[in-house]
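Participant: Chains A and B supply the protein sequences, listed in that same order. Residues 1 to 395, numbered by our numbering, are exactly what the first sequence covers, in order. Residues 1 to 395, numbered by our numbering, are exactly what the second sequence covers, in order.
Just so you know, the hints here were simulated from the structure itself, not pulled from any lab data. Built from N, CA and C at the ideal position, the CB exists for glycine as well. Be a bit skeptical, because a hint or two may be false.
Here are some chain A residues pointing at chain B (derived, C-beta under 7 Å) [to be verified]:
no. : residue
1   : Val274
2   : Pro277
3   : His287
4   : Leu290
2 protein chains.
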Amino acid sequence: MSAVEDGRLARIALTWLAEPGTRAVHRLVEELGPVAALDLLLDGGAPDRSLRAAVAARSVGGNARAVAEQALARAERLGARLITPDDDEWPVRVAELQRLRLSGADRKVDLETAPPLCFWARGAWPLAQAFDRSVAVVGARAATPYGTHVATELGYGLADRGWAVVSGGAFGIDAAAHRGALTAGGLTVAVLACGLDRPYPVGNTALFDRIAETGLLVSEWMPAAEPLRPRFLIRNRVIAAATRGTVLVEAAARSGATQTLNRALGVGRPGMVVPGPVTSAMSVGAHETLREQPGARLVTGVAHVLEEVGRVGDDLAPPARAPERLRDRLDDEATQVLEALPRRRPLALESIASRAGVALRTAMRKLSMLEELGLVVRRDDGYALAPPAETNRRR
Amino acid sequence: MSAVEDGRLARIALTWLAEPGTRAVHRLVEELGPVAALDLLLDGGAPDRSLRAAVAARSVGGNARAVAEQALARAERLGARLITPDDDEWPVRVAELQRLRLSGADRKVDLETAPPLCFWARGAWPLAQAFDRSVAVVGARAATPYGTHVATELGYGLADRGWAVVSGGAFGIDAAAHRGALTAGGLTVAVLACGLDRPYPVGNTALFDRIAETGLLVSEWMPAAEPLRPRFLIRNRVIAAATRGTVLVEAAARSGATQTLNRALGVGRPGMVVPGPVTSAMSVGAHETLREQPGARLVTGVAHVLEEVGRVGDDLAPPARAPERLRDRLDDEATQVLEALPRRRPLALESIASRAGVALRTAMRKLSMLEELGLVVRRDDGYALAPPAETNRRR
């Protein structure tokens, strides 16, 4: 096994021994590297007692490295991949979680704010690229028709303008935001708090499948991990840190969604809040946040959101809309795959991979992305270039 | 005619020659006193040309002092009184309008921000006392059911906690706020932009009559003055300056109500805004104000409003609720009138005035106020002390 593979396995094992986001574990990895950090923990050398106890309790249940290998195999069967800081698609901005500053009530519950050690992802888009131009839309599960409407419009509007819509895949606001983005034919990312083979809630299974087809399902937890309650709060820090800004649509008082917004502000990202009727219990958290968080900004629609996130980056030129411009933005492998396609007839996946000179798996991922971009269409007998008319309609 | 009466007449005449709020006129009155200021203007000595032209044009229509005398006579018939800085009930805080600072678009249209020269009032409450513990509730005429509901609740809640509710008597939010206060059996003040004998809009005539019975109708314009369009904006500065704070409930973009809120902030009063659905055109002005006015504060109900206005004054002990405490707060004349009432039977107005040793008119005003306070009840055959049970129910 190569050193890189050793490191990847160690990262997986570490997320099994201690919950993702544990500061002490992340510090050890920073200091020693993942392999030595894992060995230290397994030797009972964790720097604090509660972590030592947690590692010891877990270790009884199995061999950490063997568990990690099983997780990798399971992910392979699922069509999911592991992403670590060694990969090009690692979203570097999550490192800023190390500087997360929380205020007030959040500080007490928030001991787990270290950056992720690894991600699992299902879907063709490179993770970093998906997050790079993305906005989180979060809110209540028990959303009202008003909130659902607003979240859908935001999801649609952002995706329509070339922004990825990131959320947590929950019922209510999350699902509405994802659906809005899907309806626009855009990119959406669901960041889950459990294994990708058991996305929660089960009622959103069809939605998760659609997201994985054209966007991304992402998790810090290995396949088979259960959606335990504390994991949602740990997960929220990724939604806040990996995106350009977070929009809170509806929330009850002091809910998980308001916490995500506070985290976004804590890492210096715009925290945006959609107001609602003062007569609605589902807007209490939104109004509370607007009153108590000096950094929170009231937004009423996509234009306001873009105003906020547009201030952040320097890559915020208007999104390319013409197919020519889109092609310019493709990476080398995607360009090779696109150029491997014949003008008029479809071609089978294997042939495309071979003509493009890329691995079968790479060809599959790039083709999914090209299809999402409207440059390629899937046919019964393989893939074909999208006709120019369809290209225009899609973009 | 006494010097005081001369001055009062001059003030009335000045509001007829130039619109209330005209800075140049107010400056002359400050420097020379109202009588000399009027003489100067009538002699064509206005400091600027546009004011000279306005005075000349008006003077063609009649003798300014005669017009003022007619206005006084008309007010007398109407049961309205003139209030000037010579009167105890003059609301001194309107003087702060001299320091009004406006920003942005408001600055261009706002040349008329000087304090009032006089007020006309109909209703028993002393004006200063009514304004002293008051909150303005303003908003759109074309209010939605949501806005109407919120304004009614605010009017009710504020009045129920002993605060006077001040608004402009318009359809929509204004009327809802007044009605809420009336429903709570509380004090409400309508500040009009026309003569008190022709309160505008005519459709609210029944409401105006109810307000005058238990609260106050107030105007800077003499009886018979028409509700000209620019007068509403001039009037708004009084609503903003005379109250402890202004709440904006619903407003279209850049409406008169948002202007009132900006004026409140401009004289250092809390400017509060109730959010609403982002899908409602009638909340656009509210959300715009919250986004653009750093001083504006989001409020969702009476508790938030009291938090804001409670910071301002030092007289904000909990309102007296027990009848004993109420009696302690009465002025001498009101106490005399109350003590003139026999224990069990009603007494006619004339007898009460005579027993109390006060003018008939004073007795009438004080009895209205005592009735409003729940200490006195009106019967077919005169006035009587309220039975203790009723006193408790009312307060």
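Participant: Can you list which hints this structure breaks, lowest number first?
Facilitator: none
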